[in-house]
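Enquirer: What follows is the residue order along each chain.
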Amino acid sequence: MASSSEGGNLALLATIAISVVFFAAAAVALGYYLVFGENLAGPPQNIYVIRLSEYTIEASPEPIIVKVGQPVVFKIVNEGAVEHELMFVPNLQMMADMIMNAAIRLQEQNPELSEEEIIAMVDKRHEMVMEEMIEKALKGKVEGEEFMIELEPGESTVATFTFLEPGIYVIACMKLDGTFPEPHAKEGMFNQIIVVEG
Amino acid sequence: MFHYPFDPSQFSETARVWWNLFGFYLTVAILLGIAVYAALVLIPFIYSRSRKAVDEIKPGVVPGERGRNAYLAVIVVLILASFLAVFVESYISVNELASLIEEEYGVTIEQLQAGEADGALVVEVRGFQWGWTFKYPNGIESDVLYLPAGRPVIFKVTSDDVFHAFSIPDLRVKVDAIPGQVNMGWTVPQTPGTYRIQCYELCGVGHAEMISKAVVLPPELFDFWYESLGEELVVEEGG
Numbered sequence: 035m036a037s038s039s040e041g042g043n044l045a046l047l048a049t050i051a052i053s054v055v056f057f058a059a060a061a062v063a064l065g066y067y068l069v070f071g072e073n074l075a076g077p078p079q080n081i082y083v084i085r086l087s088e089y090t091i092e093a094s095p096e097p098i099i100v101k102v103g104q105p106v107v108f109k110i111v112n113e114g115a116v117e118h119e120l121m122f123v124p125n126l127q128m129m130a131d132m133i134m135n136a137a138i139r140l141q142e143q144n145p146e147l148s149e150e151e152i153i154a155m156v157d158k159r160h161e162m163v164m165e166e167m168i169e170k171a172l173k174g175k176v177e178g179e180e181f182m183i184e185l186e187p188g189e190s191t192v193a194t195f196t197f198l199e200p201g202i203y204v205i206a207c208m209k210l211d212g213t214f215p216e217p218h219a220k221e222g223m224f225n226q227i228i229v230v231e232g
Numbered sequence: 088m089f090h091y092p093f094d095p096s097q098f099s100e101t102a103r104v105w106w107n108l109f110g111f112y113l114t115v116a117i118l119l120g121i122a123v124y125a126a127l128v129l130i131p132f133i134y135s136r137s138r139k140a141v142d143e144i145k146p147g148v149v150p151g152e153r154g155r156n157a158y159l160a161v162i163v164v165l166i167l168a169s170f171l172a173v174f175v176e177s178y179i180s181v182n183e184l185a186s187l188i189e190e191e192y193g194v195t196i197e198q199l200q201a202g203e204a205d206g207a208l209v210v211e212v213r214g215f216q217w218g219w220t221f222k223y224p225n226g227i228e229s230d231v232l233y234l235p236a237g238r239p240v241i242f243k244v245t246s247d248d249v250f251h252a253f254s255i256p257d258l259r260v261k262v263d264a265i266p267g268q269v270n271m272g273w274t275v276p277q278t279p280g281t282y283r284i285q286c287y288e289l290c291g292v293g294h295a296e297m298i299s300k301a302v303v304l305p306p307e308l309f310d311f312w313y314e315s316l317g318e319e320l321v322v323e324e325g326g
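In the order they appear, the protein sequences are chains F and R.
If you count by this note's numbering, then the first sequence holds residues 35 to 232, one letter each, in order.
If you count by this note's numbering, then the second sequence holds residues 88 to 326, one letter each, in order.
Hints listed in this document are in silico derivations from the structure and should not be mistaken for laboratory results.
Among these hints, one or two may not hold up.
[Claimed, not checked] If you anchor each label on the Cβ, the simulated ranges turn out as follows:
(1) Glu189(R) - Arg139(F): 43 to 53 Å
(2) Pro200(F) - Glu191(R): 18 to 28 Å
(3) Ser177(R) - Ser94(F): 37 to 47 Å
(4) Gly237(R) - Ile81(F): 27 to 37 Å
(5) Ser94(F) - Phe132(R): 53 to 63 Å
(6) Ile298(R) - Met128(F): 30 to 40 Å
(7) Ser94(F) - Pro224(R): 55 to 65 Å
All residues carry an ideal CB built from backbone N, CA and C; glycine is no exception.
So that you can see chain F by itself, here it is in the shape it has in the complex:
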């Protein structure tokens, strides 16, 4: 009699132990949901590495998701073989067409000049205009030192930005080397920064 009662107690203990383990697992799952379940597309980060190459802008991790009002650090690396830039673009279609048209017009006006010289002329003429345009468009939306960061091959830099309004911001490269007369953006060299509230 005594041995059978002992065996019964053991079975009871084992049953309770198993159910406790299962409830603990359920609690862990619930905790995971409560901690990670509220994010839009993964947690917004404070630091992103942005790689420029022919002809892509890649971020790590992707996508670039940033919280409103929180400073974000971009480490920008040019891994390509030609000069690239990271530029905030208010209207990608318009800007790309503008640069392409300018390049074509300059080439028509000065047929004796080489491609490199025309690229240099386009850069020089539009740098001032574009910088002004971008700063005007981003005023009150983004805080940062520079919205047009140019990098030689192999060069890298660090820039800090603070986004003040939620939405989607476009970064692109408007250089012409290799894709003349189209800017690199038309080959797909652009990316989006998703700014969320929180």
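Position chain R against the provided structure of chain F, taking the given hints into account.
Expert: Coordinates of chain R only, in the frame set by chain F:
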């Protein structure tokens, strides 16, 4: 490399419906689980306290004759009811999805399944050992999948060599890629972002690295990409 979202319901219409359905399945499973575990914990207590060996095994007496038919009936009804609830809910949500796609985007489920719809973007997906190629109606071939937000997308999935499975887990898309056969899959991406594309069929040594990315862009940005690369290709063909 990628963020891992837990709640995908806002990423695409298909994700929303499947996520809601999963939530319903989970609720049913939790309720049943509570009942089962409560019984598991309580029954040993009850029967170890009362010394009456009611359910003692007696040779020649079947369990049904022990006078507990009501319990058995409750359990059977519970199981059948949970099955029925899950089936009905699945039916309702799939129908909801079909009517939503038809009303909001003007595309019927039949069109989506046939791979021909005016309002939808049709992407030809080709799997190979080990990667993906995406071909668009205007001739762009890309190894990164670009998608417009808020527009139905149809995937025509096939394979060059062995069985693969094309999947974007966050958007709840999964289609088998089979050589010599075109399978349809579809979704309506909603939130711009970058999502993981992965092969879900063991296809060889490089299976684990058969990863690509789906970039969902706002419509105007997608149009910029689509038009500028499409033009380029036409120029190349002409010259």
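Enquirer: For each hint, tell me whether it holds in the structure or not.
Expert: Hints versus structure:
1. Glu189(R) - Arg139(F): 43 to 53 Å: Holds - the Cβ-Cβ distance for Glu189(R) and Arg139(F), about 48 Å, lies within 43 to 53 Å.
2. Pro200(F) - Glu191(R): 18 to 28 Å: Since Pro200(F) and Glu191(R) have Cβ atoms about 24 Å apart, the given range 18 to 28 Å holds.
3. Ser177(R) - Ser94(F): 37 to 47 Å: holds, 39 Å
4. Gly237(R) - Ile81(F): 27 to 37 Å: Holds, since Gly237(R) and Ile81(F) (Cβ atoms, about 31 Å apart) stay within the stated range.
5. Ser94(F) - Phe132(R): 53 to 63 Å: holds, 55 Å
6. Ile298(R) - Met128(F): 30 to 40 Å: holds, 35 Å
7. Ser94(F) - Pro224(R): 55 to 65 Å: violated, 31 Å
Hint 7 from the list above is the single one not met by this structure.
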